[in-house]
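Asker: For this one, chain A is given, so just place chain B on it according to the hints.
The residues making up each chain are set out below.
Protein chains: 2
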Amino acid sequence: MKARVHVMLKNGVLDPQGEAVRHALGALGFDKVEGVRQGKVIDLDLADGATEADVTEMCEKLLANTVIESYSIEIQ
Amino acid sequence: MKARVHVMLKNGVLDPQGEAVRHALGALGFDKVEGVRQGKVIDLDLADGATEADVTEMCEKLLANTVIESYSIEIQ
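Here the protein sequences come in this chain order: A and B.
Numbering follows the UniProt record's numbering, with no gaps: position 50 of the first sequence is 50.
Numbering follows the UniProt record's numbering, with no gaps: position 76 of the second sequence is 76.
Hints were generated in silico from the structure; no laboratory data involved.
No incorrect hints appear here.
The list treats identical chains as interchangeable, and a pair is accepted whether it falls inside one copy or across any two copies.
Derived BS3-like pairs: lysine-lysine, alpha-carbon spacing no greater than 30 Å straight-line:
id : residue 1 : residue 2
1  : 32        : 2
2  : 61        : 32
3  : 40        : 2
4  : 40        : 61
5  : 10        : 40
6  : 10        : 32
7  : 61        : 10
In isolation and in its complexed conformation, chain A is listed as follows (with noise of 0.2 Å):
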């Protein structure tokens, strides 16, 4: 079973690698660029039996910050 897992940083925290990409994309020349925000993605290669709801405490305990993050689990 494959799963994907998409981590982003909640509405209203601060995302300074994403505001870092929309200063270099609006100094490229792309000023259609009005917001950008940055996240991890993370590709799960998993045994047979493991369920979705593995995934979601792998993403409580150790891949997201639940303070600061949200995450989303897409299953492939």
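Answerer: Chain B only, in chain A's frame:
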């Protein structure tokens, strides 16, 4: 227009972040994790008139290092 860009290390390129996550998950008792690859996700908020071609150009020029990274674009 909103676009989501995924930037992942190409297959065969060593991914120390992914390996670190895999080890940490193993240490936490998640023994069904066979592989982990970590990448970036960049959410772009674009003004009207921006096209997918613009986003491709952003990837080629700034967002991805195409020597070692591949990218994919989703228009939302």
